[in-house]
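Trainee: What follows is each chain in one-letter form.
Number of protein chains: 2
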Amino acid sequence: RRPPDSSPDFRHRLAFAVEADRLKTVSRGTTLFDGSRRERSGEHSWHVALMALVLAPHADVPADVARAVRMLLVHDIVEIDAGDNPIHGSFDAAEVERAERKAADRLYGMLPERAGAALRALWDEFEAARTADALWGKAIDRVQPVLANLAAGGGSWRDYPVDMAKMEGRVGAKVKKGAPEIWNALLPDIRAWFAVNRP
Amino acid sequence: RRPPDSSPDFRHRLAFAVEADRLKTVSRGTTLFDGSRRERSGEHSWHVALMALVLAPHADVPADVARAVRMLLVHDIVEIDAGDNPIHGSFDAAEVERAERKAADRLYGMLPERAGAALRALWDEFEAARTADALWGKAIDRVQPVLANLAAGGGSWRDYPVDMAKMEGRVGAKVKKGAPEIWNALLPDIRAWFAVNRP
Ligand SMILES: [Ca+2]
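The listed protein sequences derive, respectively, from chains A and B. Read in order, the letters of the first sequence are residues 1 to 199 in the working numbering. Read in order, the letters of the second sequence are residues 1 to 199 in the working numbering.
Be aware that a few hints might be false.
[What the hints assert, rightly or not] Some chain B residues near chain A, calculated using beta-carbon distances under 7 Å: (1) Leu50; (2) Leu55; (3) Ala66.
No lab work stands behind these hints: they were computed from the structure. Note that beta-carbon positions come from the ideal geometry of N, C-alpha and C, so glycine has one too.
Kindly generate the complete structure, drawing on both the sequences and the hints.
Mentor: In structure tokens form, the structure reads like this:
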């Protein structure tokens, strides 16, 4: 009989793990907190998963942290094919959505069927942003770049025509759905930066 | 009364999340799978957490995947202070252990007491490598650089005086404790590289 190590199930999982490495080369709009270089999507995924874990008591609705962490580990995998689309950048939302769905089909489709469907369902749930776990994950994903920009003295805010109203509408609204306490805590610092730099 | 957002608990958790960003600047001995640059410890932590999730059915002893993922998310945080010590490099093991324990005291100590103690206990469990969850996490942490080196045509193996016997002793022994199936699956490719490059 064939040794277990050559089972097609294992080879598919391994191929996905190898392909995932490419997320480390996808550059994001934001920088590291020290401003030294652009953040990559792989390390961003680690940071938001860790934040979802350590900030969990501050979720608005108690979330299943393990599920939120799993969502965040896979939430940007589509960027391997579709790239990162900065929140304050200009892009065709329908086109991005099409590209990301196609990427999800290919990438989650590398896994054995049930495993791929489970991770794809997690990603769909994250994107739909309606369950407590997805709202918590989304809030962390949106607030992490805010922390980066505050730490870096502006960071990616300097690269885009973003003002306090856009921040409230595009970022604050989403953070507040999952983590209003965190948004409210950061608001004085955010307002202070925009008052000085985008009066 | 004080607003909840200024509670010391939240500020400590947030400070830890901000400090954690520095792990993205710690360079490892290994490269990305495409060989283009050194891997950083932050992105490595994401990759091993994801691998622990997608390869879980191939753990030797069934592991609590959520716990193994949490361990891997925090397993390298000590490197913010202590740096990375490549497995095939030469270093004083006792000195490294001392530096890492001091780093763990400081970094996990930034969190509220119970949260910090919980993550510190997870890290201690990972380092002790005796529970099923830790053995699974360790196996993944050890095998990920092997995948990187195989993908990169040698990678960090070229930088150190490592041969097949050292691979078996330092890497294989640890991978086999948690994931013998994975080690056995990779063994033909590993042997082939060393047969050609370190005959
Ligand atoms: Ca590691």
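Trainee: Which of the stated hints cannot be reconciled with the structure, identified by number in ascending sequence?
Mentor: Checked against the structure, no hint fails, so every one of them is satisfied.
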